[in-house]
Amino acid sequence: MKNNNFLHKHQKTLAPLLSLVLIILVTASITPGFLSIQMVDGHLFGSLLDILHRATPTALVALGMAVVIGTRGIDLSVGAVIAISGAVTAVLTVNTDFPVWLVILCALGTGVVCGLWNGILVSVFNIQPIVATLILMVAGRGIAQMITEGQIVTFHSDVLDAIGNGYFLAFPIRVWIAIGMIVLTVLVMRKTALGLFIEAVGANVRASRLVGIEARLLVLSAYVFSGFCAAVSGIILAADIRGADANNAGLWLELDAILAVVLAGASLAGGRIYLLLTIVGVLIIQTLTTAILTSGLPAQYNLVVKATIILAVLLIQSPKTRQWVSAVFQKNNKGSAKS
Amino acid sequence: MQSLSVRSSFPWLGAFKRKAVLTTFSVLLPVLSASAMAADLTIGFSQIGSESGWRTSETESIKAEAERRGYDLKFSDAQQKQENQIKAVRSFIAQGVDGILLAPVVETGWDQVLKEAKRARIPVVLIDRGVAADSSLYLTKVASDFKEEGALAASWLAAKTNGRCNIVELQGSVGSSAAIDRKTGFDSIISNFPNMTIIRSQSGSFTRAGGKEVMESFLKAEGGAKNICALFAHNDDMALGAILAMKEAGVKPTKDILVVSIDAVPDIFKAMADGEANATIELNPHLGGPAFDAILASQKGEKVDKWIKANGPLYLPDTAAAEYAKRK
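Protein chains in written order, with my numbering: chain H, 1 to 339; chain B, 1 to 328.
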């Protein structure tokens, strides 16, 4: 009985986690060596680390996306912002003598400006978030192409190489960056009133205004945060391939980010987000991608397999399934009590 | 037996030199006759847009070729929209041009406007892509043969490895004609060699990031480079991403794993000069010459083939540094 109560109470948290573990186990049974982790040149090496490594950019974008979705918004422009900040990073590294920290600061600043643009459109001009951010989604890649003059600009910088592919304490540096930002965001959202305010704004703008929450500023800052996260992700992605690919960097990443937030059980109607579970959602998506790549499945099956499994995970989490599962459990309990 | 079959299925490289000589002639001859008969052709050119570096160089090459011949080239950028292209072709017809070059953005929906051009007796030459229309509606298609590109890559690899090689393949975007045909061409050659097999094949979506991620997973799945002899990438950008993945995994490209790819973008020449890639096959952007020649030939009433294949040569590291300097 106690066990069932625990299951019932934490079903929301458990469903994504169990899904992740299940996907990893199934993949490991198909692909030999999937779980193996070795030490190579003083850092960890293996498919599981690849998943963490590859999940980093999506995790960062999803973090910002979760906060925006919390305010009942959505940010479709993150992929484009990734392309812009990557382009800024590459062009400044190649064409100027700026020190690396200044280059990174400029790229981050570009992300903040993009977020500010989105935020102003949404909070000041009251344009629907999906439309407001769609504008930058469309224009952003064009801006990035203008910055790179349509070429893939390749660069070399030791610091950026380290951000893209370096290791610290056996783990990829970019994973540390992501962990840092996740911890910071969770602390701010859960240990201060800010998180409560953001969810309150998402749940009911008018009510939160009546209790004195400055909704506009909150919404604005959510988009700025999302732009900032996308910029960090853009720097990492550019550093990864040592070049800025305006056409393809971060392409469709916004959709993965939204999916991760939803996999975590958030409501697109705002007011309810789960930051750590969002990261689990990202890991589910990335594990699927890596699993499909290592399994030797023909390329044309990738998308359908991925979509099918994600659909299954979503179905497992749906309230209907949950009701159905707990109904079955209660029946069983009654049955066992009688006998 | 083995070495015999290598040679017999290896006419590609030989044919290539012959082809180069032939192309030089076929470019020179019409230029002489052109200056003699009609130096002032007016040609309309409807381009798709400028979505990639390759397309930009195609546009520039065709403009340069027209200028060299003293033609009046009316250029129209469709910005990826078919309706803009149809408008452009109609306006070319209204202006009474001598010929139209069309790089179609999509395959279907061209019948009507092509009929209009035919009625106006203006020859239309399709550039680098085909259309799904009756072949009597256009003069010819000047485009490379993706299958031949794949076959050339496989032939080079067969010669280099004596027909023994475990290959990993980075496919282009799933379903694109370049990806399908390059794979078909490659497979058609290696099927002659029992000891050449593709052990892993995945899509890297024609991007550097995709090539890098997929190559990482290949190296993990095969336990490093021990079991992999060569990488065949459907384009250079994926190969460049894969080279990064190899270096980070402590695998030496060209030494541990041979690298052959297609497109001949500037960066792959740099990689070849640095000893990190073995061969690339040019996706020829210089289609203006053969296209103009076809229009001239049709004016003289000569028969023109429905597909003028404009395949580029295979480049090796020995000329890479010079090519990089030329293309940068």
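Keep in mind the hints are simulated off the structure, nothing from the lab.
Among these hints, one or two may not hold up.
What the hints assert, rightly or not - Covered, in the sense of this in silico footprint (three residues per stretch, anywhere, with C-beta under 8 Å from a C-beta of chain B), are these stretches of chain H:
| hint | region |
| --- | --- |
| 1 | 47-59 |
| 2 | 290-299 |
To be verified - A few chain H positions that, by computed beta-carbon distances, are all more than 10 Å from chain B:
| hint | residue |
| --- | --- |
| 3 | V40 |
| 4 | D97 |
| 5 | P99 |
| 6 | I152 |
| 7 | W176 |
| 8 | L237 |
| 9 | I241 |
| 10 | L251 |
Just so you know, these numbers come straight off a predicted model, no measurement behind them.
Think of the CB as a built atom: it goes at the ideal place given N, C-alpha and C, for glycine as much as any other residue.
Task: Separation of I241/H from chain B, once the least beta-carbon distance is taken, above 10 Å - done: Since the minimum Cβ distance to chain B is about 4 Å, I241/H lies within 10 Å and the statement is violated.
Open item on the list: According to the definition I'm using, a residue is off the interface if its beta carbon is farther than 10 Å from all beta carbons of the partner; does L251/H meet that for chain B?
Closed with: Contrary to the label, L251/H does not stay out of reach of chain B, its closest Cβ about 8 Å off (not over 10 Å).
TODO: Would you check whether the claim that I152/H is not at the interface survives, using Cβ distances to chain B and the 10 Å cut-off?
DONE: Answer for I152/H: violated, closest chain B Cβ roughly 7 Å.
Task: Minimum Cβ distance from P99/H to chain B greater than 10 Å, as the annotation requires - done: holds (24 Å)
Task: Annotated coverage of the region 47-59 of chain H by chain B, confirmed only when three residues or more have a Cβ within 8 Å - done: It holds: at least three residues are needed, and the region 47-59 of chain H offers 3 whose Cβ sits within less than 8 Å of chain B.
TODO: Decide, holds or violated, for the assertion that all CB atoms of chain B are farther than 10 Å from the CB of D97/H.
DONE: For D97/H, whose nearest Cβ neighbour in chain B is about 21 Å away, the distance exceeds 10 Å, so it holds.
Task: Non-interface label on L237/H, tested against every C-beta of chain B at 10 Å - done: violated (7 Å)
Task: Claimed clearance of chain B by V40/H, with the beta carbon kept past 10 Å - done: Given a closest Cβ separation of 7 Å, the condition is violated.
TODO: Would you check whether the claim that W176/H is not at the interface survives, using Cβ distances to chain B and the 10 Å cut-off?
DONE: holds (17 Å)
Task: Within 8 Å of chain B (C-beta), three or more residues of the region 290-299 of chain H - done: Satisfied; 6 residues make the cut.
Comparing the model with each earlier hint shows violations of hints 3, 6, 8, 9 and 10; every other hint is respected.
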